[in-house]
Every structure is written in structure tokens, then in C-alpha cells.
Amino acid sequence: MLSEKEKNEIAAELAHADSKSSVSVDALNIVQRHRGWVSDETLRDVANLLEMTSDELDAVATFYSFIFRRPVGRHVILVCDSISCWVMGYNPLLDLLKNRMNISFGQTTEDKRFTLLPISCLGACDRAPAMMVDDDLYGPVTPGMMDEVLGKYT
Amino acid sequence: MERPLTKNIHPGRQPLSLQEYEEAGGYQSVRKALGMSPRDVQNIVKASNLRGRGGAGFPTGVKWSFVPMGPQARRPKYLVVNADEMEPGTFKDRLLLEGDPHQIIEGVIASAYAIEAEQAFIFMRWAYKLATKRLETAIAEAYAHNYLGRNILGSGFNLELRIHGSAGRYICGEETALLNALEGKRATPRSKPPFPQVCGLYGRPTIVNNAETIANIPHIVNNGAEWFKGLSKSPDAGTKLYGVSGRVRKPGIWELPMGVTVRELLEEHAGGMQDGYRFRGVIPGGASTDFIVSDHLDVKMEFDAVMKAGSRLGTGTMIVLDDRTCPVGFVHNLEVFFARESCGWCTPCREGLPWIEKMLGAIESGEGEPGDIDILAQQCNLLGPGNTYCALAPGAVEPLQSAIKYFREDFERHIREKKCSYKKTI
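One line per chain: the protein sequences are A and B, in this order.
Note that our numbering gives residue 111 to position 111 of the first sequence, counting from 1, and the numbers run on in steps of one.
So our numbering is basically just the index in the second sequence, starting at one, shifted up by 154.
Just to be clear, a hint being listed does not mean it is correct.
Capping the alpha-carbon separation at 25 Å, the derived lysine-lysine pairs in DSS-like fashion look like this [what the hints assert, rightly or not]:
#1 A:K98 to B:K512
#2 B:K383 to B:K462
#3 B:K383 to A:K5
For each label pair, taking beta carbons as the anchor points, the in silico distance ranges come out as [to be verified]:
#4 B:W509 to A:T53: 31 to 41 Å
#5 B:V216 to A:E41: 49 to 59 Å
#6 B:E421 to A:G36: 41 to 51 Å
#7 B:P508 to A:D136: 47 to 57 Å
Hints are computed from structural coordinates only; laboratory data are not their basis.
Note that the coordinates shown come from a computational prediction; the quantities given were computed from them, not determined experimentally.
Where is the CB? At the ideal position from N, CA and C, for every residue including glycine.
Produce the entire structure from the sequences given, and follow the hints as far as they go.
Here it is, written out as C-alpha cells:
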């Protein structure tokens, strides 16, 4: 069941939309903001609201890298794996994160605090290597700043 | 030296509010444009010789001139700002979007007026959270001051502007895939023709312009075509945001006259190579451009000159390959990106890129075989222009084909010695 808040936010998008299905990505972003991810049940509810089939909406949802169709942790760490960061130390940064949290890409820590994922070029190439935690961008990331950065996200 | 695009931008500080922006001379081009006919605004931009800053370099005024005008045109007409910056190594639009959001909005209004569009979108990259927030604030201010909405400044011109927050996929930056994404569909490219200028979003006339292109419009409208041409050191008019990343002393982004040389960018602005690293080559305009090497240091960074050197200006943000970074590993990283981001619509791209990526990965890890290089070169032809709906695959093979040309000995040594000899030195 979608919450009233989610329904209202989707309705606000629909108010100036050209067709119901045109807000598919907006609606998925809205429910993900509230729930952290998009379950099969949520996907069905959104599809009903937009008068799409679940398959039609899932074809859109799974097309995008950042509509999460599986649960994620309370915070998502996105490590830029594109060229400038790769040149400037992506591999050591990734090793550091993996060792520290004992997880690989696509996994979540046991305490559900962090999920680790790769992301394509963050447009912070002059601050490489770069990463995002939730909505915040960091770079250049050094081993020394890791405690302070990760400590902000509980 | 004039820096019209970045004069209000001070990284680390909040962008200008609407009032501050007006005090700095902002929104004058809206008043000026609204006093002219849309065709006249188009003609100034055409005469200015502004070429699209998203990578392809198509003349903006010419693009606009294809839009059907007048009461017979199908409506609504749309203007879309492509702010889905995701080309690896490219970090220029972020600066403009975060640093001076009102400049983008002003550009949108003048551009939309020029093509008589009543609806505009900013197609925003998912990861650009700060830019989204700042633009939302600025758009609300612009509505409150009647720069957007109904009957703008009493002119009778109406314009709605909305941000579309995407969800992270490189192909959305492709003009026609972007239109499908805006319609809420899977973002696969459309075949052209028909071109979006005539039949775009919901089948209506639509212009898609890069964010940096749009940021130029207010200055061209205010100061005229001759002024704009005078900013440049080359036949390509205006200034350009140039970036350098990699093992240089001062990686960064600078607004400079169009046509500065590769050498000037690398040595004067980026401060030269870091100690202990030597220059081997650059991809001059993002991941989907061919390498150029030390023979090309005096090439001017403008569309035609870079083309003549065998590459493309692209986004104007170069990535440096140094002598301690493996060229095979470098290209492998690029192809991992392209294989992952291929939308899967066209067979050569969907099947070919993962194959290329795996083959490069094998060579890099010492499992390459004699003949692999020829197969890769053949793949570059198969994935070249003309075999796919869009430019993703042809772009993807540009750095590969030129790496084979300039760094073939590295590829051969990996295969001969069955290892990458760079790993020890990094």
C-alpha cells in the first residue's frame, strides 16, 4: 500500500503530466525516497496508479541503475569507477572500503548500515578519486578522511 | 579576458540569488529577447556561430531554424536542457548548474522564446543532487518574479519550466533516448529521421540543447554575434569550459577562449604532469574520443582542428594518460563503462561491447592470445558509424582504435609476456 504522502507526491507530478505513464521515473524516485527501495508489491501499486502493467513499469525501473529493486542499507555508498578516478586511485579506495566493511559491490553490511555500489563518472574528475554517500559528494577521498566521512552516517 | 559563463561562479560559495543575479546584470537578455521577434533571436544565435557544447558541435542556431514556427506549428513545442552529464571524464556542466543556476534559467527563457516553446524541461542527472536543489530554488524565484509562468513580464509569452530527475543511465544523454525517458518509457534511442526539431517529445517539435550551450545564449543575445566571435581564438566562436583530469599537478576546469592549444591547457592551466609521471597521451573530450599524443600538443582545442588530428573536441574535458598507467587497463576501464551503459537496443552494441570489454580484460590479466589485437581492430569497424541507432557504440570504439594505433606495442607486450608490467609501478 502506498502511503498518503507518496500518493500526494505522485499526484503532484501527475497534475502537470502529459500522460500518466510519463511520470513513471518520478513516481519510482518518490517511493524509493520514502522506502529506500522498490519492492514487487510497491511496483504493482505504482503501476496501478499510473495505469501501466507491472511489466511495463518494471521495464522502466530495471532500465535505470539507481532504482533499487532489492533492499539496500540505511546509507548507500557509490564509488566512482570511471576513468579519471581509476587513474587516480579507485582500486586502493575500493579495497579500503571493502576491507573496512567486509562487503563487496552489491552487498549490504550485516547491521544494514551501508550498501556498496559502483557508479559511473560522478562529474568530479578534478577531485578524483570520488564517491557519494547518499546525497553527498566526496573527493579526493583519502584513507585518512574515511573515519570522519563514514561516521556521519549512522 | 572575458569569462561570461563563469563570472558569477565562485566554487565553495552559494550561487547568486535572483536579486543578486539581477544586480550583476542578469535577466537582461530576457527583456531584450521579448522585445524582438523569435526569428530575430534565432538569427543572432545563428550569426554567432555557437556550436553545441554537448559534444557533437552542431550549430545551435541552425538546429533551432528547423523548428516549425508560427500558428500552423504543432503545439506544445518543447525545449529541453540536457543536464544528464555522464560522459566519463566530463565535469563541466556540473560547474554551471551548481554555480549559476539563474544563468541556465535565463538561457532557457531566451531559447524557448526563440523557438516559441511553451514548455521547457531540465533533464537532470540523478547523481547531481546539489545542482537539482539549487535549480529548484532558482526556478521558484524565477516564477515568483514572473520570469517564468504566464504572460512573462507582460509580453504575452508563456513558459513552464520543470526539472526531470533521471535515475542514472548514460544513454539518457542521447537526444532521442532522452525524449523517450521524458515520456516515461525505456530510454532507448529513436531512429532519425524524423528529427526531434520537427517530431520530438510526444511527436511535437522539440529542441534539446546541452547545459553549456544554453548558458551561452543570454550573453549572445545581450552582446551580439560579433562580440561572441571576438571571444574566440579560432573559427569556432565563444569561450569554452575546458577541463583536465589525471596525473597533472592541478586538475581543474577553466573557461577560456575557444581554440587554446592542448599544450597551453596541460602546461599553463593544469600545471604540467605530477612529479615522476610523464605524458603519453590524452583523450581530449571525454571517454568517447580518440587518443591524441605528444605530436598533437599544439593542436587547437576547437571542433575542426581536433577532428583534423584524428579525434573530436567532444566535451572539451581531457583525461591524461601518463607513463605509469597501463594503456590497456585505461581502455579496458572505458569499455567496462560502455558495455555496462549500452542500452541493449541495437545488436552490435549490446553484443559487441561486452565482447570487447572481456577481451581487453583478458589481455590486461595476461590471458590474451596472438590475433586478439586484430580481432579488436575488426570490432572497431563493426561497431563504427552506421551500424547502430545512436553514437554510443561508435564513440565507444574511438579510444580503443586509437589506443591500438598509438600504443600497439603495449598490447603486444601484454600478450607476449602474459602479464601487465605496469602493475608493479603503480
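Here's how the hints hold up against the structure:
no. : hint                         : in the structure
1   : A:K98 to B:K512              : holds, 24 Å
2   : B:K383 to B:K462             : holds, 21 Å
3   : B:K383 to A:K5               : violated, 52 Å
4   : B:W509 to A:T53: 31 to 41 Å  : holds, 33 Å
5   : B:V216 to A:E41: 49 to 59 Å  : holds, 50 Å
6   : B:E421 to A:G36: 41 to 51 Å  : holds, 48 Å
7   : B:P508 to A:D136: 47 to 57 Å : violated, 33 Å
In summary, the numbered hints that this structure violates are 3, 7.
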